[in-house]
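**Student:** Here's the letter readout for the chains.
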Amino acid sequence: MTDNFVEIIGLHFARNDHWVLNDVNLRIPRGKIVAIMGPSGSGKTTLLRLISAQLRPEIGKVLVNGVDVNSLARSDLYKMRSLMGMLFQSSGLFTGLSVFENVAFPLREHTKLSEDIIRNVVLMQLEAVGLRGARDLMPSELSGGMAHRVALARALVLNPQLMMYDEPFTGQDPITMGVLVKLIKHLNEVLELTSIIVSHDVAETMSIADYIYVIADSRIIGEGTPEQIANDKSPLVNQFIHGLADGPVPFHYPANKYREDLKL
Amino acid sequence: MLNKRIVELLVGLFMLIGIVAVFVLAFKVSGLSMYSSNGSFHVAAVFDNIGDLKVRAPVTIAGVRIGEVDSIAIDNSTFKAKVGMHIDKKQDKLPADTTAKILTAGLIGANYIELIPGYDESNLKDGALIIDTQPAIVLENLVGQLIYKLSGDKK
Amino acid sequence: MIGWIEKLGHAGLLFCEHVGVSGLFLLRTILRKPRVIRLFPLVVEQVYSVGVLSFVIVALSGLFIGMVLALQGYNILERFGSVEQLGQLVALSVVRELGPVIGGLLFAGRAGSSLTAEIGLMQATEQLASMEMMAVDPLWRIIAPRFWAGVISMPVLIAIFCVVAVFGSYLVGVEWLGVDAGQFWSNMQASVNFRIDIVNGIIKGFVFGIVITWIAVYQGYYATPTAAGIGRATTKTVVYGSLVVLGLDFILTSFMLGGW
Chain A
1 MTDNFVEIIG LHFARNDHWV LNDVNLRIPR GKIVAIMGPS GSGKTTLLRL
51 ISAQLRPEIG KVLVNGVDVN SLARSDLYKM RSLMGMLFQS SGLFTGLSVF
101 ENVAFPLREH TKLSEDIIRN VVLMQLEAVG LRGARDLMPS ELSGGMAHRV
151 ALARALVLNP QLMMYDEPFT GQDPITMGVL VKLIKHLNEV LELTSIIVSH
201 DVAETMSIAD YIYVIADSRI IGEGTPEQIA NDKSPLVNQF IHGLADGPVP
251 FHYPANKYRE DLKL
Chain B
1001 MLNKRIVELL VGLFMLIGIV AVFVLAFKVS GLSMYSSNGS FHVAAVFDNI
1051 GDLKVRAPVT IAGVRIGEVD SIAIDNSTFK AKVGMHIDKK QDKLPADTTA
1101 KILTAGLIGA NYIELIPGYD ESNLKDGALI IDTQPAIVLE NLVGQLIYKL
1151 SGDKK
Chain C
2001 MIGWIEKLGH AGLLFCEHVG VSGLFLLRTI LRKPRVIRLF PLVVEQVYSV
2051 GVLSFVIVAL SGLFIGMVLA LQGYNILERF GSVEQLGQLV ALSVVRELGP
2101 VIGGLLFAGR AGSSLTAEIG LMQATEQLAS MEMMAVDPLW RIIAPRFWAG
2151 VISMPVLIAI FCVVAVFGSY LVGVEWLGVD AGQFWSNMQA SVNFRIDIVN
2201 GIIKGFVFGI VITWIAVYQG YYATPTAAGI GRATTKTVVY GSLVVLGLDF
2251 ILTSFMLGGW
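Chains as they are written, first to last, in the working numbering: chain A, 1 to 264; chain B, 1001 to 1155; chain C, 2001 to 2260.
If you are wondering where the hints come from, they were derived from the structure by calculation, not from laboratory data. Keep in mind that a hint or two might mislead.
Said to hold, decoys possible - Pairs of lysine to any residue, SDA-like flavour, derived with a Cα cap of 25 Å:
1. A:Lys61 - A:Ala73
2. B:Lys1082 - B:Phe1041
3. B:Lys1089 - C:Trp2185
4. B:Lys1028 - C:Gln2072
5. B:Lys1004 - C:Ser2049
6. B:Lys1054 - B:Leu1142
7. B:Lys1028 - C:Glu2084
8. A:Lys79 - C:Val2136
9. B:Lys1004 - C:Phe2055
10. B:Lys1093 - B:Arg1065
11. B:Lys1028 - C:Leu2071
12. B:Lys1054 - C:Thr2253
13. B:Lys1004 - C:Val2056
14. B:Lys1101 - C:Ser2186
15. C:Lys2236 - C:Leu2252
16. A:Lys112 - C:Val2036
Bound conformation, chain A alone (with noise of 0.2 Å):
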């Protein structure tokens, strides 16, 4: 039982001749709350993926519960991804689906239960994010914040040891966040999970998160707990934590001389 729960060492990724990911080292300690921040396109998304081996790094390797999981066969890789759940960007519901069946999915696949043992485990999940009462909706009927707890409660259905969160409160309304914060922070206390969040909403992450990695330009440019990144004086670190609008990342797009271009 090692103590950390994922630990990424020496990872490099490329997509279109171009590295997105270069020699990135991460520790996810067990029953932590870790947040992966850092601008749009800086791979954080990508770095989920490698953790479920959804992708594959060209070099390094990926531990979860100290397995490697790119060396694993199809049928172990799929009981390795059952004590892993995620919550995707657009919450990835089916949309043929009710919400409670959407729910009962995993249940139905892996397992069976009677009937009976799995409406009353999804309704109990359903209880767990606030929904049960919207359980016959469509998800074309929900708003997109109870899309976020309708999946989080089917990802949270097989009892993963381990939660992802991509882009968790992304366009999210304030009401909505602040469930969505509470629910990440309690169900990771009570389920003893150990969540990984990835994000670039800086104060609702800093809000939970136990420690954080930045990453930038597909390096890790800073890490350490939320008041370490606050006080962090790296200038890149500095300017995404505090919303700088200039700094390392500039604001003007490359271009010509501005008088030359206006032709004065």
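Use these hints to put chains B and C onto chain A, whose structure you have.
**Tutor:** For chains B and C alone, kept in the frame of chain A given last:
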């Protein structure tokens, strides 16, 4: 979201209609039932010239269809055409000295085989060979004969 | 000039790559552990959405084509005084060629495009990815049922098309234009051979069904997960599907007429 039972019902209906369609095609459109191999026996005939005869051409007696041609080949010893045909089992009383002629349907139609019964007591059996035949009428030969006759008449 | 040739070569290689990927994709879909009992209800559901819902367009098209063939056919045969051959003309045209080909084109347009759009949308909204995360293989849960449904539905639709077309030509030819009913049917029956024409027509249906459905699910699965990407993928399904149907039809017809 359609009720599961209705979906299954409609799918079943769909498949059923499809199968019925295949049957309709088989029997109504292609006239399948007539010549299955259980109901027929096989006979061959040798012709000097088969003209335009094709496989599946009808075989008739007195103009009534009783079978069809199923193979056409060259006999390598006599260099004549050997035509195989199957005949409806109901016609098992054909005399053994039946002859065969190749006729044309209409003026410019397709060729078919007409069987002319003989007088023999014994019957035409499965596997029999008809050698007494009349070849197809080839138009060029006919015209040639006509020209010859006309020029002959003039004299 | 050189640039052009390079682009051509590049496009050719890319095409081969796509064909390869799609071939592997198909194999992975078909060769999954065949949990037939679990698969069957999913297939039934898909036959509904792919086959049953295409029934109306196929049947109506068949009717109109049969009727038009009868009209045109009568018009021309009249000049040779052989209108009694109308039944044979329509039946052979429809069963040998028009049924499979037009059925194929309609199928590519209606069912193929809807499959591609549906699967592409599932990709874009991360439904397939979340299914993978829940350790359920979307290839057998989502793709395979749709593939088998397409393969099964297509010959059925073609048979229906042919029957309706012949019936339509009967309506126009016999009821309206006055061709003798007895001659209509008997000439048709004399010239249409079950083994050569109808069975071959149905074989064509199977082949087209496999190819069109394969293209449709492949395009959907590998579509760029954006709205524009799905639109492009749907268009590709219809275009490639139609072209392949026409091309394969030529190849199959030459085999069949050559007597296989």
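**Student:** Against the structure shown, which of the earlier numbered hints fail to hold, in ascending order?
**Tutor:** The structure breaks none of the hints.
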